[in-house]
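Note that the protein sequences, when read in sequence, are chains W and S.
As numbered in my numbering, residues 2 to 361 make up the first sequence, in order.
As numbered in my numbering, residues 7 to 254 make up the second sequence, in order.
Because the hints were derived from the structure by calculation, they are not lab data.
Ideal placement from N, C-alpha and C gives every residue a C-beta, glycine not left out.
Don't take each hint at face value.
[Claimed, not checked] Computed, partial: chain W to chain S, Cβ under 10 Å:
#1 73
#2 94
#3 276
#4 277
#5 279
#6 358
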Amino acid sequence: MSIATKRFASGNEAVIDAALAAGCHFFAGYPVTPATEILEAAAEKFPQHGRVMVPTEGEIAAIHMVAGASLAGFRAMTATAPLGLSLMSEALSFFSGMTELPGVVVVQQRWGPGDGSLGPGQDGYNQATRACGHGDFKMIVLAPKTVQELVDLTIEAFDLAERYGMFVLVLGDQLLAIASEQYVVPDPAARPARSVEFGRGNGLVLPELVAVDETAGDFAALERVGRRWEQKFAAIERDEPRAERCGDEGAVDLMIVAYGSLARIAEYALPQLRQLGMQVAVVRPITLWPFPSDAVRSACADAKSVVVAELSMGQMIDDVRGAIGRRPDGFVNWLGGRAPSTEEFASKVAERHRELGAVR
Amino acid sequence: MKVVAEPNSTALAPHGFDFCPGCGYGSVLLALTDVVAELDQKPVFMVDIGCVDFMTAHMPGDVIMGPHGRTGALASGYKRMQPDRLVCAIQGDGGFMGLGAAESLHTAVRGEQITIIVLNNGVLADTGGQLAATTLAGKATSTTPLGRGPQHGPPLPFLEMLATLGGVAYAERVAIDSALGVRRVRRAIAKAFEVQRSGAGLSIIEVLSPCPTHWRMDSVQAWEYISESVRTVYPTGVLADRRDTGDT
Ligand SMILES: Cc1ncc(C[n+]2csc(CCOP(=O)(O)OP(=O)(O)O)c2C)c(N)n1
Ligand code: SF4
Ligand SMILES: [Mg+2]
Chain W
2 MSIATKRFAS GNEAVIDAAL AAGCHFFAGY PVTPATEILE AAAEKFPQHG
52 RVMVPTEGEI AAIHMVAGAS LAGFRAMTAT APLGLSLMSE ALSFFSGMTE
102 LPGVVVVQQR WGPGDGSLGP GQDGYNQATR ACGHGDFKMI VLAPKTVQEL
152 VDLTIEAFDL AERYGMFVLV LGDQLLAIAS EQYVVPDPAA RPARSVEFGR
202 GNGLVLPELV AVDETAGDFA ALERVGRRWE QKFAAIERDE PRAERCGDEG
252 AVDLMIVAYG SLARIAEYAL PQLRQLGMQV AVVRPITLWP FPSDAVRSAC
302 ADAKSVVVAE LSMGQMIDDV RGAIGRRPDG FVNWLGGRAP STEEFASKVA
352 ERHRELGAVR
Chain S
7 MKVVAEPNST ALAPHGFDFC PGCGYGSVLL ALTDVVAELD QKPVFMVDIG
57 CVDFMTAHMP GDVIMGPHGR TGALASGYKR MQPDRLVCAI QGDGGFMGLG
107 AAESLHTAVR GEQITIIVLN NGVLADTGGQ LAATTLAGKA TSTTPLGRGP
157 QHGPPLPFLE MLATLGGVAY AERVAIDSAL GVRRVRRAIA KAFEVQRSGA
207 GLSIIEVLSP CPTHWRMDSV QAWEYISESV RTVYPTGVLA DRRDTGDT
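With the hints as constraints, model all of the structure from the sequences given.
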């Protein structure tokens, strides 16, 4: 039985405690705000626990090394920001999509295209959930709202990655990266390599698609591989969606849909919104892919109005729209790498809600 | 080292090879197969994308194909976690020196304990024979129909650059332009695995390999082109050997 320790540290440091607890034996990465301290924590702690940490020349090498370590049978991870994820996309398509290797990438979002800003953002949503990189594939995307949840979901990400044979993304943001909170984490646990076929010398050719292609150019066989993947993704969509609702029960005046740090701000803003005389709740997707459509639909079903809140120009809103079958009534957002205070959040949402009342 | 006088290619590839007639890659594959037969363990192979993929079905060991150019990084990650395995990356010149130059360079900088076989055929062959970093000056390709000119820069002496790095324990360039050359390929690959086993650092073998198809030559002309032209720009021989000295 593993023993748990109570710690107080930043989200970024907590990620590495979680990785050690999960039996992650390999970390490779390249610094980028706001994920750099994850790399630094790995550099400090991985060797202390007999694990391997490689600071690479960039994100491309990092993700390929992670894939190599995973191919060797070990739990492996990297951490980055959306701009690093852009560089990793090619490899994720190959190794998660095509080769079905397990792995974990923690992505702390900062806002903006290009180099963007250094502050919090949620505009990596489409990049993460639509499977960054080319081709028909999906990756599970987990979105924690607290440091404790960042720890728990990072540990779980390794299990999910192995269960489904894919990379799992833990999508945080700059607030979660730097926030220091108390959390409980199991103590570091060593984990033997999982049993892998590769390396036994039986002439195995990976990825499967290459092997099929190589032997026969057999398109029916290629499609069978595609169909197997399709079924895998369908099973995940059936079994893994997760969401949480908090606030007032039953039919509310206002249902806020938000995830990650912004959902937490929304939850803190609930008392202020109630003071304005409304029944209000937050529904928070925890898995961004698979999107918890059923949970969001039922939460929004008898709400008088539905407002989506994001630190982006509107990315998750498309999934909400798909889930509830109509355009959400309102949208509030913050751009530029800035997140609102609870007061600001409450007043902006209340204002939007009033406008909605006015049009109705 | 056993020298196989008549490589039994039908045993290797009962349905035949996909290489064009006169391609050097088949010789590299046979050499590799011979060398592996003498080893006490089968290496794992990481192959780049390119005509090297025609080898995957016949490789003497398990093989994984990864993204174009990044093979060194993939192989490094594997080796770090399986230090007792022999790990061999096989890449074309386009992948190794062009698209994946950064990954190749830093694999060398770190002195990863792997072996890389670079197949230098002077073109991006798999996509139809376009300009590569290694195309000789004046040589026409499908993207330099008038020949490689000054605007494309001179051919890249990447192995010479890598040979200056302390992490590179062994670097040798060999050429497939004669029967003797083929034997040297075999010897160099065997040496590279020895170096890998010794833990001295990265071992790289660059093979000057004929691509008659995209050079628009017959097989004999292609061998002659290597002897008379390619080897004047890319001299064969041992470029780095830091096995004993620990010299950096
Ligand atoms: C990112 C990416 N860009 C382009 C390609 C297309 N492509 C496949 S093989 C190849 C060239 C390979 O040249 P080289 O590495 O020299 O190998 P060769 O075919 O000559 O053996 C290219 C450009 C690719 N697979 N991936
Ligand atoms: S195109 Fe060139 S490198 Fe490719 S198989 Fe044919 S001869 Fe060999
Ligand atoms: Mg080439």
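Do the hints match the structure? See the list:
1. Taking 10 Å as the C-beta cut-off, the interface hint given for residue 73 of chain W holds, the closest approach to chain S being about 4 Å.
2. The beta carbon of residue 94 of chain W comes within 8 Å of a beta carbon in chain S, closer than 10 Å, and the hint placing it at the interface holds.
3. For residue 276 of chain W, the suggested interface contact is broken, since its CB lies about 54 Å from the closest CB of chain S, more than 10 Å.
4. The restraint placing residue 277 of chain W at the interface with chain S is violated, with a minimum CB-CB distance near 53 Å, outside the 10 Å limit.
5. The restraint placing residue 279 of chain W at the interface with chain S is violated, with a minimum CB-CB distance near 52 Å, outside the 10 Å limit.
6. Hint status for residue 358 of chain W: violated, given a least beta-carbon distance of 53 Å to chain S, over 10 Å.
When each numbered hint is compared with the structure, violations occur for hints 3, 4, 5 and 6.
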